[in-house]
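Chemist: Protein chains in written order, with my numbering: chain A, 6 to 330; chain B, 6 to 330.
Treat each hint with caution, since some may be false.
Copies of the same chain are indistinguishable here, so a pair counts whether it falls within one copy or spans any two.
Said to hold, decoys possible - Only pairs whose alpha carbons sit at most 20 Å apart, straight line, appear in this in silico SDA-like list of lysine to any residue: (1) 255 / 186; (2) 161 / 106; (3) 255 / 28; (4) 42 / 237; (5) 42 / 19; (6) 297 / 275; (7) 258 / 135; (8) 161 / 100; (9) 42 / 293.
In short, the hints are calculated from the structure, not lab data.
Please read all numbers here as calculations on a predicted model, not as lab measurements.
There are 2 protein chains.
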Amino acid sequence: MKLATLADGTRDGHLVLVNREGSHWALAADIAVTMQKALDDWTEVEPRLRARANQMASGIVPLHPLRTERLMAPLPRAYEWIDSSSFLNHVRLVRKARGMELPQALESEPLVYQGGSGSFLGPRQGIPLSDESWGLDFEAEVCVVLGDTPQGIQSKYAEERIRLVTLCNDVSLRGVLSSELGKGFGYFQGKPATAFAPFLVTCDEVQPYWKNGRLDRDILCTYNGELISQANAGEEMHFSFPDLVQYIAKTRKFCAGTILGSGTVSNTDGSRGTSCLAERRMRETIEYGEPKTPFMKVGDTIRIEMLDDNGVSLFGAIDQEVVAV
Amino acid sequence: MKLATLADGTRDGHLVLVNREGSHWALAADIAVTMQKALDDWTEVEPRLRARANQMASGIVPLHPLRTERLMAPLPRAYEWIDSSSFLNHVRLVRKARGMELPQALESEPLVYQGGSGSFLGPRQGIPLSDESWGLDFEAEVCVVLGDTPQGIQSKYAEERIRLVTLCNDVSLRGVLSSELGKGFGYFQGKPATAFAPFLVTCDEVQPYWKNGRLDRDILCTYNGELISQANAGEEMHFSFPDLVQYIAKTRKFCAGTILGSGTVSNTDGSRGTSCLAERRMRETIEYGEPKTPFMKVGDTIRIEMLDDNGVSLFGAIDQEVVAV
């Protein structure tokens, strides 16, 4: 099933069910008023949502046309947003661009950072930018939303903690990140609000693409109208989502609604394109001696989505324009 | 006024008002069911809570004896927990202990990291530890809780966004942090769940100690029954809380309930003691050539509090024991 959050003037909006085609929604707030509430009470709520989804498919419940502009981020705010950098090709290219060494344990130990989670952007919200010299970039990623996850959980038990899957645009300020890396405290100012795709969907809904704890499907990035990435999000994800869960849970537990990201989807095959501008600029530097593509400016647009074999958008599209603030 | 969260079997507990002495509580959940809800709707909720607090002081509303064991962290989970390292003496000692260079912009640019905020420890909850080699340490800090804070806010307007003040124990795993610093992605496994003092209090409640955006009062740390710190939390806090708000809000906004920490309270005057073991060990190394105090082991206890001139505990005491998991 597919879930979304409809804006209603409140901070957390209200929960709706969305049909497979993403064209219509049905009431779900009578089952759980918000997405967080659904995740908090998942054991009781999930079967009731599934029953409603079946009724939707049978045409028994009233359907309403979905206007994506009315959707908030599925979790408009979350208790934790943890992003990894699990596509090693991305780490290699970006570090090379910065002239930095690779972390010693690159292949054995995930890179993760704690992201800000108090105020996310919806799939059609503008990306606010007040200074173009900050080097605004998009990063197309796959994310999962966890249920309650105990400290010390092992990878083999972690997959069952994954409740929902989606895509995000992990907005980055490249010019700010570089200086933050040297301080050792991690990213902060360089990571403004992250944007999320319209729908959070259950793993069974993305079959047959969910394999080995990864989403084996191409992520499509269209930048200013040009398709610049169709990188595969499966095989080259070095650490699977269950591996990442084991890593983050080593010293603490996580509450339902924790979001965990794959990091920028990136393939070694250059013909697949790039899912962020930093990689594109690095590839240009290798080819031409200097980057050709500037970072994002006010008015630039980025669309991120993933289609099934029939061309149906699995999570709906992130489609954002950079706006001046 | 003083606010707290009483455990009731739900994830977020329910809101109560606490009298000045911290001995009794009165119902507040009929005004705002949880602490987060009170912060979400602060403009409408605050005057009603203040009216109830006045009724408490006048003996008009029923009072119930407060058992601190029944309190959760005032925000059992929060949407953001951002910790700084604003006592530069702490940064200097800890980096020296690690043999690391100081950040270049130490005095002009705050060090902040994004902490995990999905599952906090209450003031009497045990600190879970599964491996003593991780180098468990406490860190006594002052924290503020923000109301909605817009991107780009300037320091001079930031103080009015501070809703509430408290103390925390920013639990750290020193052996894990060291290796994480080198990766550049910030702290993650090295920062397990943070513990908070029983009460969140308004700034007027901590007069005359709230000065220049800092809490000018000694923080008391009692480790295994021995008072080992009475460091002043005011003057040597290099960046004030409003300065920190301006820094964190440069590239994004924050939602009500965001928690912001001072970092370990630390004074250059060694006779004030230390508010974490890492500093104590560094001072021992300077004096004796090696550290004498080991990191925390199962069964060790740490008590952190702050008293007013009459000996009343301003925020109630954090009083935790390390427990094996």
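Chemist: Against each hint, give a clear statement of whether it holds in the structure.
Modeler: Hint check:
1. 255 / 186: between (24 Å within a copy, 17 Å between copies)
2. 161 / 106: Neither. Shortest intra-copy (32 Å) and inter-copy (40 Å) distances fail the 20 Å Cα cut-off.
3. 255 / 28: neither (41 Å within a copy, 38 Å between copies)
4. 42 / 237: Classified as neither: same-chain Cα gap 33 Å, cross-chain 42 Å, threshold 20 Å.
5. 42 / 19: Result: close both inside a copy and across copies, 10 Å intra and 16 Å inter.
6. 297 / 275: Within one copy only: 16 Å inside a chain, 55 Å across chains, cut-off 20 Å.
7. 258 / 135: So residue 258 and residue 135 pass the 20 Å test across copies only (13 Å; inside, 37 Å).
8. 161 / 100: This pair counts as neither: shortest intra-copy Cα distance 31 Å, inter-copy 38 Å.
9. 42 / 293: Close neither inside one copy (52 Å) nor across copies (55 Å); limit 20 Å.
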